[in-house]
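Enquirer: Sequence:
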Amino acid sequence: MSKLVRSLVVVASSAVLVGLSGCALGDGGAGGTEPTTSEPAGASLEGFDPCTFFSPDVLTGLGLSPQSEPFTQVSFEPGCRWTGEKMSLTLHKNVDETVDSYETGGNWEKYEKRSIAGRSAAIANVPGSGTTGGCDVLVDAGGGVAIYGISGKMADSIEACPELEKIVGQTASGLPE
Numbered sequence: 090m091s092k093l094v095r096s097l098v099v100v101a102s103s104a105v106l107v108g109l110s111g112c113a114l115g116d117g118g119a120g121g122t123e124p125t126t127s128e129p130a131g132a133s134l135e136g137f138d139p140c141t142f143f144s145p146d147v148l149t150g151l152g153l154s155p156q157s158e159p160f161t162q163v164s165f166e167p168g169c170r171w172t173g174e175k176m177s178l179t180l181h182k183n184v185d186e187t188v189d190s191y192e193t194g195g196n197w198e199k200y201e202k203r204s205i206a207g208r209s210a211a212i213a214n215v216p217g218s219g220t221t222g223g224c225d226v227l228v229d230a231g232g233g234v235a236i237y238g239i240s241g242k243m244a245d246s247i248e249a250c251p252e253l254e255k256i257v258g259q260t261a262s263g264l265p266e
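What the sequence shown shows, in the numbering used here, is residues 90 to 266, in sequence order.
It is worth saying that the hints were derived from the structure and are not from the lab. Among the hints, erroneous ones may be present.
With a straight-line Cα cutoff of 25 Å, these simulated SDA-like cross-link-like pairs (lysine to any residue) come out [said to hold, decoys possible]:
hint, residue 1, residue 2
1, LYS175, PRO145
2, LYS202, GLU166
3, LYS242, PRO159
4, LYS242, GLU266
5, LYS175, GLN162
6, LYS175, THR161
7, LYS175, GLU198
8, LYS202, GLY231
9, LYS199, VAL215
10, LYS255, GLU192
11, LYS242, GLU254
12, LYS202, SER177
13, LYS175, LYS255
14, LYS255, GLU166
15, LYS175, SER190
16, LYS202, GLU266
17, LYS242, GLN259
18, LYS255, GLY231
19, LYS242, THR149
20, LYS199, SER177
21, LYS199, ILE256
22, LYS202, SER190
23, LYS175, GLU254
24, LYS175, PRO251
25, LYS202, GLU254
26, LYS199, SER133
27, LYS199, GLY232
28, LYS242, GLY152
29, LYS175, TYR191
30, LYS175, GLU192
31, LYS255, ASN214
32, LYS242, ASP185
33, LYS242, THR172
34, LYS202, TYR191
Computed from a predicted model, the values in this text were never measured in an experiment.
Use the sequences and the hints to build the structure in full.
Expert: Right, here's the structure in full:
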């Protein structure tokens, strides 16, 4: 392995560890109702940390703990989860996919493309998630896709897709362009 390749692997690994430590520490951002990120507007999705996206005020306003928990189901979609009495909210990123590419690459029960907060988006469900109070919204961001997810503690505890679409509409402007 060349010295350049080893250096790139070390840099990439360090970036992942720094991102995960932010999730573990629960740095929920600061400020008013707009989400905050450590990256300037227009930065690519690679430098975006889903774990610090939502401000504590936004999270508590939704009935969620401002403390994030690392929640990565697949290695190429790092993210975090916030929980409350009625629901949990997740936010992941994928730097290699877009709303369009997910349409053909996923196993969807429902995949409705639309514009949310002026961005290309899709409301998506995997088979069976609609019956369990769950919903996902994918939003193009920074050359990739941000994946919001919501699940009710019980199928009737929330109207998952309308609630998540409202959250995305209020926060997607803070995602990287």
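Enquirer: Evaluate each hint against the coordinates.
Expert: Now the hints, each set against the structure:
no. : hint             : in the structure
1   : LYS175 to PRO145 : holds, 17 Å
2   : LYS202 to GLU166 : holds, 20 Å
3   : LYS242 to PRO159 : holds, 19 Å
4   : LYS242 to GLU266 : violated, 33 Å
5   : LYS175 to GLN162 : holds, 22 Å
6   : LYS175 to THR161 : holds, 21 Å
7   : LYS175 to GLU198 : holds, 24 Å
8   : LYS202 to GLY231 : holds, 18 Å
9   : LYS199 to VAL215 : holds, 7 Å
10  : LYS255 to GLU192 : holds, 22 Å
11  : LYS242 to GLU254 : holds, 18 Å
12  : LYS202 to SER177 : holds, 23 Å
13  : LYS175 to LYS255 : holds, 16 Å
14  : LYS255 to GLU166 : holds, 23 Å
15  : LYS175 to SER190 : violated, 32 Å
16  : LYS202 to GLU266 : holds, 19 Å
17  : LYS242 to GLN259 : holds, 23 Å
18  : LYS255 to GLY231 : holds, 21 Å
19  : LYS242 to THR149 : holds, 17 Å
20  : LYS199 to SER177 : holds, 21 Å
21  : LYS199 to ILE256 : holds, 19 Å
22  : LYS202 to SER190 : holds, 12 Å
23  : LYS175 to GLU254 : holds, 17 Å
24  : LYS175 to PRO251 : holds, 15 Å
25  : LYS202 to GLU254 : holds, 12 Å
26  : LYS199 to SER133 : violated, 28 Å
27  : LYS199 to GLY232 : holds, 24 Å
28  : LYS242 to GLY152 : holds, 13 Å
29  : LYS175 to TYR191 : violated, 29 Å
30  : LYS175 to GLU192 : violated, 29 Å
31  : LYS255 to ASN214 : holds, 17 Å
32  : LYS242 to ASP185 : violated, 31 Å
33  : LYS242 to THR172 : holds, 10 Å
34  : LYS202 to TYR191 : holds, 11 Å
This entry does not satisfy hints 4, 15, 26, 29, 30 and 32, going by the numbered hints stated previously.
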